[in-house]
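**Student:** Letter by letter, the chains look like this.
6 protein chains.
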Amino acid sequence: MKILWINPVGTDGFDGIIGTILKDSAAPGTEVDVVSLPEGRPMHLEYHAYESLVTSDITSIVYHLAPRYDGVIIGCFYDVGLREAREVSGKAVVTAPCQSSLAFAAQLGNSFSVLVGRKKWIPKMEENVRMYGYGDTLASMRPLELGVYDFQADVNKTAKIMMEQGKIAIEEDNAEVLILGCTIEFGFHEKMQDTLGVPVIDAVAAPFKMAEMLASSARLFHWYPSRKWGGEPPPEKELLDWNILKGDPPIGNLLKHKDI
Amino acid sequence: MKILWINPVGTDGFDGIIGTILKDSAAPGTEVDVVSLPEGRPMHLEYHAYESLVTSDITSIVYHLAPRYDGVIIGCFYDVGLREAREVSGKAVVTAPCQSSLAFAAQLGNSFSVLVGRKKWIPKMEENVRMYGYGDTLASMRPLELGVYDFQADVNKTAKIMMEQGKIAIEEDNAEVLILGCTIEFGFHEKMQDTLGVPVIDAVAAPFKMAEMLASSARLFHWYPSRKWGGEPPPEKELLDWNILKGDPPIGNLLKHKDI
Amino acid sequence: MKILWINPVGTDGFDGIIGTILKDSAAPGTEVDVVSLPEGRPMHLEYHAYESLVTSDITSIVYHLAPRYDGVIIGCFYDVGLREAREVSGKAVVTAPCQSSLAFAAQLGNSFSVLVGRKKWIPKMEENVRMYGYGDTLASMRPLELGVYDFQADVNKTAKIMMEQGKIAIEEDNAEVLILGCTIEFGFHEKMQDTLGVPVIDAVAAPFKMAEMLASSARLFHWYPSRKWGGEPPPEKELLDWNILKGDPPIGNLLKHKDI
Amino acid sequence: MKILWINPVGTDGFDGIIGTILKDSAAPGTEVDVVSLPEGRPMHLEYHAYESLVTSDITSIVYHLAPRYDGVIIGCFYDVGLREAREVSGKAVVTAPCQSSLAFAAQLGNSFSVLVGRKKWIPKMEENVRMYGYGDTLASMRPLELGVYDFQADVNKTAKIMMEQGKIAIEEDNAEVLILGCTIEFGFHEKMQDTLGVPVIDAVAAPFKMAEMLASSARLFHWYPSRKWGGEPPPEKELLDWNILKGDPPIGNLLKHKDI
Amino acid sequence: MKILWINPVGTDGFDGIIGTILKDSAAPGTEVDVVSLPEGRPMHLEYHAYESLVTSDITSIVYHLAPRYDGVIIGCFYDVGLREAREVSGKAVVTAPCQSSLAFAAQLGNSFSVLVGRKKWIPKMEENVRMYGYGDTLASMRPLELGVYDFQADVNKTAKIMMEQGKIAIEEDNAEVLILGCTIEFGFHEKMQDTLGVPVIDAVAAPFKMAEMLASSARLFHWYPSRKWGGEPPPEKELLDWNILKGDPPIGNLLKHKDI
Amino acid sequence: MKILWINPVGTDGFDGIIGTILKDSAAPGTEVDVVSLPEGRPMHLEYHAYESLVTSDITSIVYHLAPRYDGVIIGCFYDVGLREAREVSGKAVVTAPCQSSLAFAAQLGNSFSVLVGRKKWIPKMEENVRMYGYGDTLASMRPLELGVYDFQADVNKTAKIMMEQGKIAIEEDNAEVLILGCTIEFGFHEKMQDTLGVPVIDAVAAPFKMAEMLASSARLFHWYPSRKWGGEPPPEKELLDWNILKGDPPIGNLLKHKDI
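Chains A, B, C, D, E and F supply the protein sequences, listed in that same order.
Everything in the first sequence is counted per our numbering, starting at 1 for the first residue and increasing by one.
Everything in the second sequence is counted per our numbering, starting at 1 for the first residue and increasing by one.
Everything in the third sequence is counted per our numbering, starting at 1 for the first residue and increasing by one.
Everything in the fourth sequence is counted per our numbering, starting at 1 for the first residue and increasing by one.
Everything in the fifth sequence is counted per our numbering, starting at 1 for the first residue and increasing by one.
Everything in the sixth sequence is counted per our numbering, starting at 1 for the first residue and increasing by one.
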């Protein structure tokens with residue numbers, strides 16, 4: 001089974017560490033590759049304008065590479081370009097951190113809080129939460145007042161803030177599960193849950209295990225993405241006629257499983 | 001990894017076939033046992049009164065056996081006793097067909113229909129669907145006008161009816177995914193999806209793969225069921241003082257993985 | 001008109017006092033009996049596992065006794081086993097504290113808070129509130145941090161805590177009505193409403209008056225519980241064939257109206 | 001216990017028959033008066049502009065007469081002026097057909113359809129249903145294509161149409177309970193439910209029994225309408241200063257209990 | 001293009017100032033008249049009973065005057081009588097402050113808070129917000145603890161309180177837009193938004209520009225109010241037969257555009 | 001006042017006709033330019049993958065051109081890239097067809113249907129409708145089974161289909177207003193509403209008049225898009241450092257007002 005993780009940013013700086021996290025938690029037989037975008041793309045996606053600059057890249061990568069994979073993961077908690085990518089993924093499943101983390105949380109507790117970086121992120125993420133059907137069980141969105149590049153800059157400081165906000169989410173907002181609302185909040189969940197006593201869903205691990213499950217189920221039960229109605233992909237003829245989504249996909253770095 | 005499937009009915013008649021389905025679709029390393037209830041319990045759970053007669057059994061089995069398993073599955077699409085079982089499952093995850101099938105459907109399409117046995121079943125199942133957060137993407141609940149014991153009695157007839165109702169669900173209700181709303185609707189999904197061209201979620205396979213994923217994630221990431229607030233289990237001292245949930249669990253048949 | 005109150009716990013310790021409350025507030029011509037469960041059942045239902053241990057008892061009692069009553073009340077604010085009991089109540093109406101209290105609150109004010117015992121209770125109760133349609137007018141669920149047996153242990157202390165939390169619910173959460181979220185919170189509502197100046201719905205009185213109204217309406221207008229679709233009861237033949245719900249109902253104590 | 005029914009129309013033509021229905025279904029000790037508006041008011045309220053012409057009358061009647069009654073009922077399924085009347089009802093409860101019928105239906109079945117006169121009525125009534133919290137359990141609004149004065153003009157024809165639409169509501173829309181969406185649809189519910197086999201809630205009886213229950217509970221438990229926040233009434237001084245709501249209330253006919 | 005603003009109160013005290021505000025912000029070619037009610041009507045509408053006293057006036061004014069106007073505005077943030085007025089407005093559009101302000105807010109930000117006068121106002125206004133579809137994006141309703149006549153009595157004090165509450169709404173409730181929840185909160189929005197840095201929607205300006213837009217679109221595209229189903233007006237014959245809505249409309253003061 | 005309409009497709013084929021429609025309906029003083037994308041972009045946006053190929057273009061155009069305009073309109077009923085464009089529009093308002101059309105519909109009737117091209121479009125559009133808050137008043141989405149380039153290919157055929165589906169939407173789905181769910185469904189609304197008797201909202205006109213209103217209000221009242229929380233734009237320094245959104249915007253054709 002082959003899974004592709006997309007870091008939809010113009011840096012390969014996170015490829016190695018995320019690849020390692022994935023490889024370490026892969027099921028037997030799962031191979032995972034990590035791809036990131038070429039230079040010139042945003043280095044993070046905190047702003048929606050930045051998202052807009054990478055959605056065509058995500059679509060293109062999924063369109064071109066999905067045939068070689070069982071599953072693809074879009075590595076951003078905004079779930080950027082999820083609907084678009086799913087349309088062209090063929091038989092490969094596509095997952096994303098927010099939707100996957102919510103599915104985990106719903107199995108493990110009655111309510112959850114999301115620890116996001118900044119208030120900036122909340123409106124779109126909250127809309128996604130509602131859209132996915134979890135508006136009623138959202139205890140709170142709690143901002144850490146940290147940007148994407150702050151999380152790993154001073155991990156002690158980050159851990160301290162996360163612990164504080166997590167505690168408030170549990171005690172005051174009555175969350176039974178915490179979700180880390182950014183893929184770059186990796187590395188903290190274990191210590192948090194040890195200390196806070198509730199499961200802390202990591203935004204890298206959740207969509208990965210979800211992708212594995214879906215991909216494995218696709219092999220076993222032929223549960224491929226629906227191609228009916230909204231799931232219908234664009235016609236190949238049109239893509240050729242218009243010469244779109246053709247040519248090489250915009251890959252900056254492709255880290256193969258064996259090289260992780 | 002060990003998973004326990006509970007057939008919450010007073011017959012072992014489904015243990016073998018469901019055990020086989022599970023074993024055939026198990027991940028490497030997964031062992032699955034199947035348990036059913038002693039005689040004197042209802043033979044199916046179409047009526048809510050019947051559900052009430054088995055919820056204490058489910059709780060008791062989960063309380064006693066969960067420590068030996070990574071995950072437990074309640075084998076009824078009403079998701080009978082799910083909240084109660086989760087409370088006493090300790091570190092084992094507990095899944096159920098309806099909630100799990102919905103999570104699959106949401107990853108594979110924009111909307112779904114559930115093919116239920118009879119209209120009798122719809123109000124509770126629809127309430128569950130809303131409660132789990134999928135009210136907006138439910139295309140329809142379509143009754144097959146078949147009872148639990150009809151599904152496998154004349155499989156050609158059942159297949160024909162399922163195909164008819166599935167087609168209507170897709171074409172008229174605009175469902176992109178179908179869900180089979182009873183664990184005893186097993187054995188039909190492959191042919192249906194070949195013919196109808198949309199994924200057809202089987203109510204045995206979905207909660208099983210979900211349990212595997214959660215159990216595997218519990219091992220990897222220590223994402224155990226939240227024991228905070230609503231997830232707090234009853235105190236052992238009270239159970240002892242009152243002598244409840246003590247004594248042997250009500251097991252009619254226990255089919256071990258090796259004997260499947 | 002005859003009404004049956006079920007204390008779904010394995011003690012008759014509340015039968016007398018609740019019987020007295022009911023008798024004192026009964027309409028002319030209403031007779032009310034109180035039944036509780038045999039020993040060996042949980043002494044309270046704060047945990048969902050405990051609920052699961054009494055649902056079959058409730059179903060059985062309703063199945064056997066409902067023909068002798070116009071209405072039956074399930075005496076627990078979780079509304080435990082309500083759907084199941086309603087299925088087998090024949091022409092008798094079945095009410096429960098949460099649903100009934102909400103109906104009262106909606107007639108008396110724009111929004112309400114529920115004063116529950118502990119945070120443990122909130123997730124299921126809040127889900128019930130949403131399910132019954134009152135999610136938008138719920139001002140708050142406020143825990144008193146008291147267990148079922150604490151309420152009457154030190155009534156001055158309980159009254160003080162209730163008054164404090166009720167005041168906060170009104171002033172900070174903007175509740176216009178308070179609901180006492182446990183049947184054992186009896187005896188406090190009068191003083192609370194005198195002091196706080198808003199109606200305080202008692203969880204014993206509300207389902208009782210609701211049962212009286214429904215039972216009286218059943219006599220007058222023949223508005224019996226719907227037996228269509230979800231309301232269809234199990235077939236008698238199946239019950240006989242399987243020998244379920246037969247034999248004596250699990251009654252620990254039956255306090256007759258004349259003996260209250 | 002004294003209850004006042006308001007026929008908010010400029011005719012006393014319905015006072016007698018509605019008075020009789022109420023008297024016949026009154027609890028022992030309940031006295032019921034019926035009041036209607038003076039000439040010059042609309043003869044029915046199918047149009048919202050007509051509603052606007054009687055809301056001040058309703059408010060005024062409630063303001064002036066409520067002190068002499070335990071409960072007041074606004075006799076129109078639009079629940080016209082309900083919020084306004086409740087504000088000035090003092091200790092008297094105020095009920096209305098739509099909200100009350102829904103509360104009955106929710107106790108007797110899982111879902112309901114409303115048989116309204118004309119499609120004209122549906123938008124406001126459906127909005128009310130949603131507002132009261134029953135949007136999820138509304139099976140359908142089915143128009144009979146009859147106006148207020150048609151219902152009793154040819155009762156055989158009306159019964160036939162009601163029976164037809166009721167049957168469709170049950171069989172196609174899966175309603176378990178029917179509600180008659182106009183107070184002038186009186187006289188039909190008994191035969192309908194005999195034939196159709198589901199409870200048929202009458203829009204005269206439902207708010208009356210609800211008013212009795214609330215009024216009786218007010219006497220017993222002092223559950224009076226909340227006067228906090230949104231329930232705060234206008235200050236008497238302002239009414240006097242501005243000379244509003246003063247002078248005789250606009251009563252066209254007052255039919256006393258003893259004269260019914 | 002001619003627009004009519006209705007001050008639905010029994011004083012002409014606000015006609016001049018509101019007329020001036022409107023005139024100053026009118027598009028080229030827009031003429032705006034202001035009408036208020038005769039003496040004997042409430043001087044403000046903080047209480048719902050007061051609303052009930054003016055709804056027939058609003059309906060009557062709209063019925064009689066709408067033919068001379070392209071659009072009519074009901075000048076009260078409760079949107080009093082909006083459904084009723086729309087029914088008889090013929091080809092003229094009818095707008096109101098709450099619905100219009102929400103439409104503006106939804107175009108300018110992700111979430112909004114409403115600064116209302118007193119808590120009294122909140123339940124109805126919040127219900128309106130939900131009814132209009134903005135329940136999910138409502139950040140908060142914040143009371144200023146000021147009545148209608150307080151706003152302009154001491155504008156420095158009012159500005160201070162508004163600024164404080166607005167700041168809290170932004171910083172604590174995460175509002176991105178503020179709405180002033182009363183037409184008499186005019187004159188403050190400019191300074192507030194300069195200081196607070198978010199758009200502050202004025203309840204006079206918003207429904208006026210909305211009315212202009214709708215009226216202009218009606219001229220251009222013939223988008224008149226729908227007269228189908230719920231929008232069907234009462235039949236003229238009935239109005240004549242019953243002699244309702246006939247005679248002079250209840251106008252206390254009519255301030256013509258040229259006289260502003 | 002200057003408004004920019006973006007045709008987010010790789011053809012200038014619609015620029016002239018849409019420019020003409022806008023110019024013909026512009027308020028005095030409004031100038032409108034039309035821009036479309038360079039060759040190599042999709043010719044329509046029926047597929048979500050196509051949307052992904054133009055979102056960065058939309059963002060870039062808005063970022064670069066917004067300072068010269070009061071308002072910008074994204075000309076696609078998916079409202080593609082709306083959140084992203086709004087983030088970088090500075091003081092210019094940004095509107096889009098779906099959100100704007102819904103705001104019109106809500107002012108003109110109680111419920112609406114959207115006539116979309118194909119079922120393919122429905123899931124995303126329905127999600128948008130729910131997200132904007134209009135899920136409860138959506139009567140139906142009705143597909144015409146026509147693609148974007150079919151609408152104007154045989155206008156008689158299109159008109160006939162639209163009329164048929166519009167009639168069904170009104171009569172069977174109870175819509176009071178129709179919305180044309182594609183900007184290329186221009187030219188039909190007048191005849192449709194003449195025949196069908198309900199307002200038919202055109203997806204070109206609605207966002208244009210909305211943009212005019214918002215832009216005019218921005219000038220008058222300084223109601224600019226909120227830049228707080230979710231509305232915060234990316235920092236200029238980051239754009240420069242990363243060299244993104246810099247360089248010429250991807251304009252294929254720019255049709256100036258004077259040249260229309």
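No lab work stands behind these hints: they were computed from the structure.
Think of the CB as a built atom: it goes at the ideal place given N, C-alpha and C, for glycine as much as any other residue.
Some hints here could point you the wrong way.
Here are the simulated lysine-lysine pairs, DSS-like style, with alpha carbons at most 30 Å apart [unchecked claim]:
#, chain 1, residue 1, chain 2, residue 2
1, D, K124, F, K2
2, A, K237, A, K23
3, B, K124, C, K160
Chain D is nowhere near these chain B residues, computed Cβ spacing over 10 Å in every case [as the list claims (entries may be wrong)]:
#, residue
4, T11
5, G40
6, K119
7, I122
8, P123
9, E127
10, G135
11, I161
12, M163
13, E171
14, K191
15, A218
16, H222
17, E238
**Student:** Confirm or reject each hint.
**Tutor:** Comparing the hints with the structure gives:
no.: 1; hint: D:K124 - F:K2; verdict: violated (40 Å)
no.: 2; hint: A:K237 - A:K23; verdict: violated (38 Å)
no.: 3; hint: B:K124 - C:K160; verdict: violated (40 Å)
no.: 4; hint: T11; verdict: holds (29 Å)
no.: 5; hint: G40; verdict: holds (29 Å)
no.: 6; hint: K119; verdict: violated (6 Å)
no.: 7; hint: I122; verdict: violated (7 Å)
no.: 8; hint: P123; verdict: violated (4 Å)
no.: 9; hint: E127; verdict: violated (8 Å)
no.: 10; hint: G135; verdict: violated (7 Å)
no.: 11; hint: I161; verdict: holds (19 Å)
no.: 12; hint: M163; verdict: holds (22 Å)
no.: 13; hint: E171; verdict: holds (18 Å)
no.: 14; hint: K191; verdict: holds (29 Å)
no.: 15; hint: A218; verdict: holds (34 Å)
no.: 16; hint: H222; verdict: holds (37 Å)
no.: 17; hint: E238; verdict: holds (33 Å)
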